[in-house]
Amino acid sequence: MAERSEEVKLLGMWASPFSRRVEIALTLKGLPYEFSEQDIANKSPLLLQSNPVHKMIPVLLHNGKPISESLVILEYIDDTWQHNQILPQDPYDKAIARFWARFVDEQIYVTAMKVVGKVGEERDAAVEATRDLLKLMEKELVGKDFLGGESLGFVDIVATLVAFWLMRTEEVVGVKVVPVEMFPEIHRWVKNLLDVDVIKKCIPPEDEHLNYIRARMDSLKLKSV
Amino acid sequence: MVTGDVKLIGSWASVFVMRARIALNLKSIRYEFLQETYGTKSELLLKSNPVHKKIPVLIHDDKPVCESNIIVQYIDEAWSSYGPSILPSQPYDRAIARFWAAYVDDKWFIALRSILTAGGEEEKKAAIAEVEERTDHLEKAFIECSNGKPFFNGDHIGYLDIALGSFLGWWKVVELDANHILLDETKTPSLFKWAERFCNDPDVKPLMPETAKLAEFARKLFPKPQA
Numbered sequence: 001m002a003e004r005s006e007e008v009k010l011l012g013m014w015a016s017p018f019s020r021r022v023e024i025a026l027t028l029k030g031l032p033y034e035f036s037e038q039d040i041a042n043k044s045p046l047l048l049q050s051n052p053v054h055k056m057i058p059v060l061l062h063n064g065k066p067i068s069e070s071l072v073i074l075e076y077i078d079d080t081w082q083h084n085q086i087l088p089q090d091p092y093d094k095a096i097a098r099f100w101a102r103f104v105d106e107q108i109y110v111t112a113m114k115v116v117g118k119v120g121e122e123r124d125a126a127v128e129a130t131r132d133l134l135k136l137m138e139k140e141l142v143g144k145d146f147l148g149g150e151s152l153g154f155v156d157i158v159a160t161l162v163a164f165w166l167m168r169t170e171e172v173v174g175v176k177v178v179p180v181e182m183f184p185e186i187h188r189w190v191k192n193l194l195d196v197d198v199i200k201k202c203i204p205p206e207d208e209h210l211n212y213i214r215a216r217m218d219s220l221k222l223k224s225v
Numbered sequence: 001m002v003t004g005d006v007k008l009i010g011s012w013a014s015v016f017v018m019r020a021r022i023a024l025n026l027k028s029i030r031y032e033f034l035q036e037t038y039g040t041k042s043e044l045l046l047k048s049n050p051v052h053k054k055i056p057v058l059i060h061d062d063k064p065v066c067e068s069n070i071i072v073q074y075i076d077e078a079w080s081s082y083g084p085s086i087l088p089s090q091p092y093d094r095a096i097a098r099f100w101a102a103y104v105d106d107k108w109f110i111a112l113r114s115i116l117t118a119g120g121e122e123e124k125k126a127a128i129a130e131v132e133e134r135t136d137h138l139e140k141a142f143i144e145c146s147n148g149k150p151f152f153n154g155d156h157i158g159y160l161d162i163a164l165g166s167f168l169g170w171w172k173v174v175e176l177d178a179n180h181i182l183l184d185e186t187k188t189p190s191l192f193k194w195a196e197r198f199c200n201d202p203d204v205k206p207l208m209p210e211t212a213k214l215a216e217f218a219r220k221l222f223p224k225p226q227a
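If you read the sequences in order, they're chains A and B.
For the first sequence, the positions run 1 to 225 when UniProt numbering is used.
For the second sequence, the positions run 1 to 227 when UniProt numbering is used.
Everything labelled a hint here was simulated from the structure, so no lab data went into it.
Only true hints are included.
In the DSS-like style, the derived pairs of lysine-lysine whose C-alpha atoms are separated by at most 30 Å in a straight line are:
#1 A:135 - B:53
#2 B:7 - A:139
#3 A:55 - A:43
#4 B:41 - B:27
#5 A:144 - B:47
The shape of chain A in the complex, shown without the other chains (with noise of 0.2 Å):
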């Protein structure tokens, strides 16, 4: 009998950390989908109707059924195809696990978003609130090759927000947020992160990537003259 053929389609954008770590969990789970790259300032008709209250991405499509919110995803990606989990199985380490995607989305994201979005004093300030968040996951990678474990996992993926979005502005910012002074073990957590072949194909390619972030940067200050 012909298997069913699983359509799974991710509406998604190429610079979006959040629309890149479903991406990642895909390609971990050797999942093929088509990818639809979507215009944020001009939404399809496909996403205004499959997100009809956040009206944003990514949305997961599996077989026409819209799934939407990245964490949420990745959580129904590992719920549905049970090989390679991302997250930890056992419900204490999974609780855990939750804790600190939480956490980065929550607290290190928003936070982190002020240092690009704000200038002077009030983004000395963001920069001084993100090292402190960062100084937790710091914490949390000694003695360990990834905020997993021992292989990639949930944490990880979630993380690569902080890794290949938040450390990449550095530049394009001028402030070095995630010095490798006051934080070795996120350095050399990236260094293995950038080991990992899934990892290397996922993530936005840092040239265009950082032309990207410098050219929201410029248009953030010309709507702030």
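Chain B: place on chain A using the hints.
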């Protein structure tokens, strides 16, 4: 059946603590409730949740679990063979439940709370309008998720019922404070009826605080500026 040593650090007035307690009740888990005193944080709380220093914290055999929705999922998974399932069984239904639970916390609750913290009449009106709009979304979510059954989760209360239902005490308090109905029988009839059923559920009823007591506590938490 050995459940291990279970403690919960919390407070009678907290929505988020209630979530954990409902889940423990659903699984018939006996636990020691460690009530925090308002205005202070115990040594145990600070040690168990050093990152956020917030309640609830579940401590199972000395291992702490933080964040209410994470605790509820942990309870469901650690004691999966006890009592009913809290999360739906199908991955897609689980995703929908998680999506709406995140919506409740990230969007709906923020709007509800901003009614209490509103600076003036204009701000309050705007906050009320936002809550009404978001409650409307939840009405649609209920119809979609319940599929004709009494609860978001189907025949018995589950993750999303707990996530939203735990707010019902505060929902009433904010209504009184705003002098405006926020759970309208005619505008959101399904939610209205669901709310009654939820509050009457035997695992919920003993935990729902009295409106008057909660309103008094709210006045302490959200004092009105002096005229």
